[in-house]
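Given two chains presented individually in distinct reference frames, assemble the corresponding complex, making use of the accompanying hints.
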Amino acid sequence: MTDRTLPQRSFSVGMLLYDTRYRAMTIQVVAIMCFMLLVAWLIGNTIQNLNALGKGVSFGFLNQPASYDINQRLIEYTSRSTHLRASVVGLLNTLLLAVMGCLLATVIGVFVGVLRLSHNWIVARLMTVYIEVFRNVPVLLWIVFAMAILIDTLPRPADFRGENATASMYFGDTVALTNRGLYIPEPLFMNSLGDLPVLGVFEISLDLLAFVLVLGAGLWATARIRRRADRIQEDTGIRPVTWHWRILLLAGPTAFLLYILGFTLGLPELKGFNFKGGIHMRNSLIALWLALSLYTAAFIAEAVRAGIMAVSKGQTEAAYSLGLRPGRTMSLVILPQALRVIIPPLISHYLNLTKNSSLAIAVGYMDVTGTLGGITLNQTGRELESILLLMACYLAISLSVSAVLNWYNDRVRLKER
Amino acid sequence: MKRTLLVSAVAIAGLAGMATAATLDDVRAKGFVQCGVSTGLVGFAAPDADGNWDGFDVAFCRAMAAAVLGDPSAVKFTPTTGKTRFTALASGEVDLLARNTTWTFSRDTDLKQTFVGVNYYDGQGFMTHASLGVSSAHELDGATICIQTGTTTELNLADFFRANSMSYEPVPIETNAEARQQYLSEACDVYTTDRSGLAATRASLENPDDHVVLPEIISKEPLGPLVRHGDDQWADIGRWVLNALITAEEKGITAANVVEMAAGTNDPEVNRLLGSEGDLGSMIGLNSDWAVHVISAGGNYGEIFERNIGSDTPIGLERGVNALWTDGGLIYSPPFR
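In the order they appear, the protein sequences are chains F and U.
One point on numbering: in the numbering used here, the residue at position 160 of the first sequence is 181, and numbering is uninterrupted.
One point on numbering: in the numbering used here, the residue at position 200 of the second sequence is 214, and numbering is uninterrupted.
With the rest of the complex left out, here is chain U (with noise of 0.2 Å):
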């Protein structure tokens, strides 16, 4: 009895350390990416009318499977709320978090998390009724506040109030969905979170003329995809995905003329970038071709921006500081080299 107890401990025991080894390896035995996403929030994770996973942070999962896998549908989606997307991380239940997470100090350090990137520079804005005439974040003293719990949003409005001297009353919500709800029926006055939730909230509501976003950005949230700690070869694979994505706008390479330029072209980092020239994919251990999956699963960066969020979306965000570097924005990538 006592034996078979020690024997099962020391097996399990040796399973778990086996599974936090490396994730590159797992994520190949197991044949797909297991990606942690919003509960539900359009343009940037939502399943469509058919339950397919679509959206913003949905391409960068689907481009780290093109990338691992060479497939950009082997990836299964685990959807996270604010509170539980960490410990879903940390747990290993994810392999890595899509999920406009802001890229802060403690997160990046005390959560033991590693961001591999910004993909999206926001910040924290509210909307409101415009039938309360409010014309900025300035004249909100007394009001009611949705926000979504477990964010940084809730630490950033405690500030913003505190340093303005104004009160308000926060009414902690966990989902969007619970969110809108009361803003809608009005038992708050405002909803805040990310401009670019705000916009995509906005977008699905039935009357978005009724709604104004007021002009203030109370705060810098550099969202990003992350993964755990203490596993250099993902976060790097993490990293210059989402870099291969940026440069790929840089240079020009579409989901359309992806094959063709890899065959070959003039421009020497393009060539190293999609594996026709040096061996940049095995040092990260992947295929040489692994930057074709990737940019072909859905375009660069530009065009799933444009697909999901873009100004022809109902989202209808601007590119703004979310533009190519070239185009006087902060996307920016290191070279491949």
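Pulled out of the complex, with its shape left as it was, chain F reads as follows (with noise of 0.2 Å):
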């Protein structure tokens, strides 16, 4: 009834104020422009400034040469070589740097993580420590500290020389641990395989291929017989014996493989100022390695403890009465149901484990915001350029990493159907 007695009156532009039904599209619609006012303007006023200074936007420096060297670089790079390819150098060992930094953390975490809840009154406490000391010290000081204490207590490479030499290598003459850095020893191929050029851009040593192949297809034939042992088993209740299989499969090939490429160990060797041959892993590099995975670890370990005490303890108690001992409790049942609480937090700190790794330049580590946005900049003067491509980076990283742990977040959240 009472909708019959609505008058029906035509729209008209006062009602886009007064009417509620349409008041809030109003004010939302006004907001966008004003924002979308704002960017334009602040966007027009750059550029407007800068070609006021003579310096318009462009990205044609990148084709220069950049004229200055890197120390550690992943790919093919001279100074002779673009200011493209030395930011790509860096974009790189920020990578590396990422990687092995979010891993090492990750297993710190996990395991500081799970002490911390220990019934041992001194592990847990010893935890407690750890957690609050390098959560509540900034992130920068420790990188600092770590690179201080390493070139500082470790011995220089002249404390290897000579008859009264006071530094030794480690493991047979193998390893040398000195305050330039760690000196471990590299494979070597007498009959090497070659390069693969990729996009014309680098290359990719074939002998590391054929070796990545040959494990892979390893890895895969033990998977396929443990699955099999899975079915026996559960058909017939006996499992069968297969470990020598898997292990000969695993390694006969690659054995073989490594023999067939002449396969050797190169040694670092003091040789003038430096050694030289081997791996070379940079005091910078692990003094950052280190440095940011204790502090991220920190973090982690505090996300794992609020995942574990997230499981009920109903389910510890289901797996004990079923006979099952603590540890294996902890890795069947706690963690993977701890995970779910575990992932999201895990993503952020893995991303400010990534952002945090352009600190790198406090001890002179090249990562991205070392040649893009430091000598790259510096030598074009490109620095609104610079810094949006460095941002890119960054983001593009940030996004990717977020997107694949979102993937694995969906696959292990619990199914509701």
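Some clues are possibly wrong.
[What the hints assert, rightly or not] Residues on chain F that point at chain U, a partial pick, calculated with CB under 7 Å:
#1 294
#2 385
#3 402
If you're looking for bench data, these hints aren't it; they were derived computationally from the structure.
If you're wondering where the values come from, they're calculated on a predicted model, not measured in any experiment.
Virtual Cβ for every residue (Gly too), placed ideally from N, Cα, C.
See the structure below:
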């Protein structure tokens, strides 16, 4: 009845403001217009002022020779390479640090998080102290501190020299730990397969590729064998013994490949000023890796603890009543359920670690902030362009990391049907 | 709402436009010169025990303040790193930069700076530990070298090692202090920068004799003060303050006798410089006695050199090519006419 008595008024402009049906929409439209005006003004102002300075936006500098050297290069680079390539070298260094950091931080974080819940008073308190100390001091200080310890306490290359050497190499003269970094043996192949150019930008070692392929095939085969063993165990209750087959399938072909390729170890050796040969892990990389990992691990430990505590105690009791030992209860029952709570904060800790890696220049590690946002920016004077590119790099890394982990989170999430 | 935004936008844009107009008027209005210097390089720019900035580059800042405002203490200092200095100047954070900056083609043109002259002719050198027994830069194949990043140094270094087909391990460092730490703990074999900077760093080390500066000079580094492109009047003031200091040395005008000589001498150029004859000051928008203030602030070029970095100071730099042209050096000023 009431519906019929409503007057059928035609739409008027005033209704945009006074009619509650449209008002919310009007306000939002006006707000977004204001916001877009502000953004347009900021961009316009920047471009106008840069033009007034005679420095219009241009990315042409990326194709000029960089003219500087970078110490840690994962791909071929010389001082004649372009600024673009220098940026890629820096980006790869950032990614290397981020991956190494995330891995170590996860291992330490899970370990510490579980131990903090230990019934052993001393262990639990020690972990609490570790978490509180690392979490509450800025990460830049940890980085500088780690670097200072490395360069001031470790022996100099000169200490390894001469008759009265005060320092010596480890593991039968294969590993050298100096204040310039860690030198470890490198794999060398006498009958190398050469390199495979990818898109004309960089080259992948075919030896490495073959090694990964053979190892991958071995892993696939062992997984098949394990699944077959699982099936037989479920059908008959007896698990066939397969470990010797698995080891043979994994190690046999790999060892054969290494033999074919003429595998040897390139040992580091003191020549002239520095150790030559082997893989050089620079002091800056080690300092950053340790500092970033230990710092982030403190946060991850708290996330892990929260995740474990979120799993109801009944789960533990149920597992115990089935006769599972505490270690297996943790790894088979508690942690898989806790993962659902742990993953979302873990994503943001990984992202933080990646972004914190931009502090690398404090110890002279050439990450993308050091090359593109540092030397390139300075030598070309293209501040705006360099910083925009740099921001795009970090945005791309962070969005990819969070996309992958969100996908993983969806997989382990509690299935609600 | 929209209108307020527009109004404030116009107002901000207007302000920004004004700020870039004339540096001289800006400096007069705020009453001091904002001068970009290094973060601390003894002899060139470093705060003394009382926190007052002192040094060869600082003296130029004070001379500028004396010329424009008549008061050599009307300077505020902004410490800048090799990386931040050009941005600080381009954005208007500092009015001029006196920070051992090498005059190069691309900095002058592409980075839109104007160098007002050269106040120190330098070249890049190497300092190394005496215990390594190195006597030439050509023996440095494979060495680990600390470099201050964001400078011409790292480009020269790359060129030098490439040209001589030698390899090296660069360790990029942000400031002189960090470089010292790495160098002293022998995380670097060699520290490279301009030879004047090496001398200053070596002088501040505990045992200067444990360190040697190698004889090779691998580059030309004409260091000088600079200002932003586009304000010719301000650039002219900078250029002629520097020339006034050089001419003063040439004509024997010192901090001690400048007031006496300003009363008038037999040398017409001295009279034109010090304002007792002609009207040079007003041609660059300053008082006629501007040069008197400049010279009484810290003395002439030679006095500033000897007091801050000369052979009697811990830095101990000889005049060398930085002697007056009349003494066989490169320091030369166009005439005041």
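Check: Which of the stated hints cannot be reconciled with the structure, identified by number in ascending sequence?
Finding: As far as the earlier hints go, not one is violated by this structure.
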